[in-house]
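Protein chains: 2
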Amino acid sequence: MPSRLIRALPFLEWAREYRRDTLVSDLVAAVVVTIMLVPQSLAYAMLAGLPPHIGLYASILPLVAYALFGTSRALAVGPVAVVSLMTATAVGGIAATGTEDYLAAAIVLAMESGVILIALGVLRLGFLANFLSHSVISGFITASGILIATSQLKHLFGVRTKGDTMPDLVGQLVSSIPDINWITLVIGVLATGFLFWVRKQLKPLLRRIGLGPLAADIVAKTGPVVAVIVSIVAVAGLSLDAEGVKVVGAIPGGLPPMGLPLLNPDLWIDLFVPALLISIIGFVESISVAQTFAAKRRQRVDANSELVGLGAANVASSLTGGFPVTGGFSRSVVNFDAGAQTPMAGVFTAVGILVTTLFLSHLFAKLPQAVLAATIIVAVLSLVDLGAVKRTWDYSKADAVAMAVTIVVVLFVGVEIGVVAGVAVSLALFLFRTSRPHMAIVGRVPGTEHFRNVERHKVVESEAVLTVRVDESLYFANARFLEDRIYDLVASRAEVKHVVLMCSAVNMIDASALESLEAIAERLKAAGVKFHLSEVKGPVMDRLKRTHFLDHLTGEVFLSQQAAMRALDPGTCGPGPAAEARLVS
Amino acid sequence: MPSRLIRALPFLEWAREYRRDTLVSDLVAAVVVTIMLVPQSLAYAMLAGLPPHIGLYASILPLVAYALFGTSRALAVGPVAVVSLMTATAVGGIAATGTEDYLAAAIVLAMESGVILIALGVLRLGFLANFLSHSVISGFITASGILIATSQLKHLFGVRTKGDTMPDLVGQLVSSIPDINWITLVIGVLATGFLFWVRKQLKPLLRRIGLGPLAADIVAKTGPVVAVIVSIVAVAGLSLDAEGVKVVGAIPGGLPPMGLPLLNPDLWIDLFVPALLISIIGFVESISVAQTFAAKRRQRVDANSELVGLGAANVASSLTGGFPVTGGFSRSVVNFDAGAQTPMAGVFTAVGILVTTLFLSHLFAKLPQAVLAATIIVAVLSLVDLGAVKRTWDYSKADAVAMAVTIVVVLFVGVEIGVVAGVAVSLALFLFRTSRPHMAIVGRVPGTEHFRNVERHKVVESEAVLTVRVDESLYFANARFLEDRIYDLVASRAEVKHVVLMCSAVNMIDASALESLEAIAERLKAAGVKFHLSEVKGPVMDRLKRTHFLDHLTGEVFLSQQAAMRALDPGTCGPGPAAEARLVS
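Line by line, the protein sequences are chains A and B. Using this note's numbering, the first residue of the first sequence is number 1, and each one after it goes up by one. Using this note's numbering, the first residue of the second sequence is number 1, and each one after it goes up by one.
Keep in mind that the hints were calculated from the coordinates and are not lab data. Built from N, CA and C at the ideal position, the CB exists for glycine as well. Accuracy of the hints is not assured; some may be wrong.
[To be verified] 25 angstroms max Cα-Cα, derived DSS-like pairs, lysine-lysine: (1) A/Lys162 <-> A/Lys200; (2) B/Lys545 <-> A/Lys390; (3) B/Lys458 <-> A/Lys545; (4) B/Lys545 <-> A/Lys397; (5) B/Lys390 <-> A/Lys545; (6) A/Lys458 <-> B/Lys545; (7) A/Lys545 <-> B/Lys397; (8) B/Lys162 <-> B/Lys366.
[To be verified] Per the computed footprint, the stretches of chain A lying under chain B, defined by three or more beta-carbons under 8 angstroms from a beta-carbon of chain B, are: (9) 395-402; (10) 418-431; (11) 447-453; (12) 470-478; (13) 501-515; (14) 543-553.
Bound conformation, chain A alone:
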């Protein structure tokens, strides 16, 4: 089969080797994921500010679309917490929650995200996601988790609040304390406590009573379903909804509505930046998960195919009245652990959600919103890792700063601007670092041809030859710094006759740096000092040869630092390869 066809329609690859045992594995995984996905999809729709059943709509056709176009065999696509929060932020700026316009904007957002993802994939721009560092992503997830958990407290309190930042949310919660519905709060606290207990303690308990690790894990993951069922029974039995406990309410049964999103250009323009950020964040979350699984099973995921797969899922979501989706972490882990072999598991899950929508959705009418909020709070708090800032600080201050900036800006200014600020800070710190490169004077490690920093190693140095290793590519941002440092070093060493710039770490010399090197050669020449290069890499040398630089260079370009020292100050070289060669012959 031509590989181009497989790249366009990745399901062709696994479909032709689909066997009965794969079918059974996929079916089992689908049943487990469906049970987990039903409460999640309702809850994340609520988090996005949408009627809960929209979450079901976003969990049917998108899964089928991803199965056709995606490459990961275990990724479970659907509504996820972070993307739902971003949807609420984006759409909340355009329409009031609960209105027709709000839903219509969410549907447009899904379509726009889908189109952006497909475009990025087709244009092979998946590498752009690499500019989101792990630190920024980690900070973003932590801050989003805190923000989401806080935003859900209103459902536990049974009050109405609105806000996109921590100060807003906390302020409104505090001022709404007098309005608390105590029955709702009891339900919410009980549900939250139960879910935390299930997550932390049930699994070890089940293991102790003899369940296998996989079975224990799967049972523990059904905790939310138990909470949902118990709370529905309690509300219905005690008519608690008449006491002011907010419930999901009547859910329209039947198929999701098919239709094109609004084609209002202003709306599309307003939603462009949020859609772009949702696309990239969703993609990064998804590809991280997909790559982890692929590595475990020695499979590959192709970033650009993944973009197309996720794009198709979002387009499908939009066409069936849904909101933005992506590959979720916890659900994918369950899918993988439950044995999903191919994306067919996703198709079966879609069938499960469809059946739920058609025949079971009336059962959720009495489900308290506080229980859905509890499932969200427990899920997202497990993602919060504030200790990561401290751990990262110990290894890399720049990473820790980028992480902290992301967290603070997401919490106190806004979700989207937080990501942008994190990326900007991490890039700025990288650029700043490369603008003042580490430079070392090097000497020869005795008994070798290896040259290292004189301050860190016992090395043989030369009086007349100053060798400086610059640990960075030379480009405009550090060209002047290099000039200054070399002039300073030479000025303080009257006996120096040769300066060798050891270029083993120089991966590029741009036009500005080339001018600086010319200036250095010129200036050292006036001081009677020759300027040489050593260990210039092939690609760098190729480019230097296309200029007049080598004609103006007062010294030479040496293949190795050892060759430079042999030519310029043989006394410091030891017997060297000449002796070594004699020994061989």
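Given the coordinates of chain A, assemble chain B onto it according to the supplied hints.
Just chain B now, with coordinates in the frame of chain A:
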């Protein structure tokens, strides 16, 4: 004298060794520069959209302020073409040319630039200017030159036009052709032709008739003064101003008006971005010139002191009713060549301009604007170098792209946005390049301990050991790329038992890259391949030691690549330093 005091007041350094011969040199230079500066200051004020005498105001106190606070001994401060153009663009967006508000805004702009420059200097942020690459500056100067020359054609035509971009300027000029004042055009064309002739041909001519090179140069530089005098005489004698030839008109004699700029917060906010860009561009132009001269005389200029010096000059300009100033290229060259020894030359120049303002300014009333325009056109066209794009392309495509983007955006969109676009493109291309680093499989150059690319050099390779040199720091943008490449390389070599990552060009490993290295080690372990590092630099190793990475590493960290090969595959190592050591002992 304490060095901190000298850093704050750099004139203390040269003032205490000021002697009579220095005085004479400075006086001579000042006379020459004054003669050059008078028409330039009138012309650049006109370019900035201001009454010509404002140019004189901006050429008195600013020069004294720079002499006190600046560090360059030859820099000639005052109005310059590019900054005047940027002033016209910035202020033109706020007030109509010729109004009181326009002048007031220009004065605020000078103060704001001055404050920004001083702040950058005090905060030691001079390094920020390094992020403007030579290519962006060169493109900016070329495009500004074209734009300025085109904007001055209206004065040659004797028509009124307005516009900030090439399409606007050219369109308006073409439609104004019917309104051309032919006498003005004749004067303008004659002046332009004369000035070009002076610039290109007079100097060689003077040399041929026996003048020394310096004298010839100085005489050639007085061309504009000759054009000014001749045209004043012609206009006054023939009453050409009555024929519609626009002249400078009555210039208020007397001292420049002293006063604080407007303290209107909205105006300051509106002008902030232009003021910041004018500050940075002006600083870059100035520091380049200053460093060139300092290098010639073995003096140093300190970037942060220069910022303070230029800031003081702009504050002084604002307080005396002037507009933004900086160190100009051509005038500084004249100052330096005419023998200026200290910034005292600038003080004498200021006295010269003051005398002109007080006693000679009425002489300029009949000076045709077309002649001033001609001096501007001839000056700026010498800065235009479109061929630089082609030359740069041959060496560095990224630099050429950044240059071309800067030129196109400055010409067709706007001056400020052009600089920003150029910087953004050059940084983006640098980041893009570092995100897909050059990687090479290396082997040993026979007879040495030096390891080079197998595709470029005849080297000894090992079957079992794959050594990959990655030519870039490892950070978030390239971490995933590295992972993919290593997996691909290992997948295609079944016989490989060890992978050595040669880190001689790795200047940093950030937190994201560290996770990737852990993932690589983990994955190779599963495939039965050990993962080693070699030639890890001191600073990088220090940080790795603070993590658990080295505990999880399946292989070792070798000081040198040769040590790695000796341990992993001694057969490929030659006799090696062991034999060498025996030979020595």
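Results of checking the hints against the structure:
For the hint linking lysine 162 of chain A to lysine 200 of chain A, the alpha-carbon distance of about 31 angstroms lies beyond 25 angstroms, and the restraint is violated. Between lysine 545 of chain B and lysine 390 of chain A the alpha-carbon distance is near 17 angstroms, which keeps this suggested pair within the 25 angstroms criterion. For the hint pairing lysine 458 of chain B with lysine 545 of chain A, the CA-to-CA distance comes to about 21 angstroms; that is within 25 angstroms, so the pair holds. Proximity of lysine 545 of chain B to lysine 397 of chain A is assessed by CA-CA distance (about 15 angstroms); at most 25 angstroms being required, the pair is judged to hold.
Distance check on the hinted pair: lysine 390 of chain B and lysine 545 of chain A sit about 17 angstroms apart at the alpha-carbon level, within 25 angstroms; holds. Distance hint between lysine 458 of chain A and lysine 545 of chain B is fulfilled; the C-alpha atoms sit about 21 angstroms from each other, no more than 25 angstroms. Restraint check: the Cα-Cα separation between lysine 545 of chain A and lysine 397 of chain B comes to about 15 angstroms, which is no more than 25 angstroms; the hinted pair holds. Restraint check for lysine 162 of chain B and lysine 366 of chain B: satisfied, since their Cα atoms lie roughly 24 angstroms apart, inside the 25 angstroms limit.
A stretch counts as covered by a chain when three or more of its residues have a beta carbon under 8 angstroms from one of that chain; for the stretch 395-402 of chain A and chain B the count is 4, and the coverage holds. A stretch counts as covered by a chain when three or more of its residues have a beta carbon under 8 angstroms from one of that chain; for the stretch 418-431 of chain A and chain B the count is 4, and the coverage holds. Here's how the stretch 447-453 of chain A fares: 6 of its residues keep a CB closer than 8 angstroms to some CB of chain B, so the rule of at least three is met and the hint holds. Residues of the stretch 470-478 of chain A with a Cβ under 8 angstroms from some Cβ of chain B number 7, which satisfies the need for three, so the listed coverage holds.
Counting residues of the stretch 501-515 of chain A whose C-beta lies closer than 8 angstroms to any C-beta of chain B gives 10; at least three are required, and the coverage claim holds. Coverage of the stretch 543-553 of chain A by chain B holds in this model, with 3 residues showing a Cβ closer than 8 angstroms to a Cβ of that chain against a need of three.
The structure fails to meet hint 1 from the earlier list, while all remaining hints are met.
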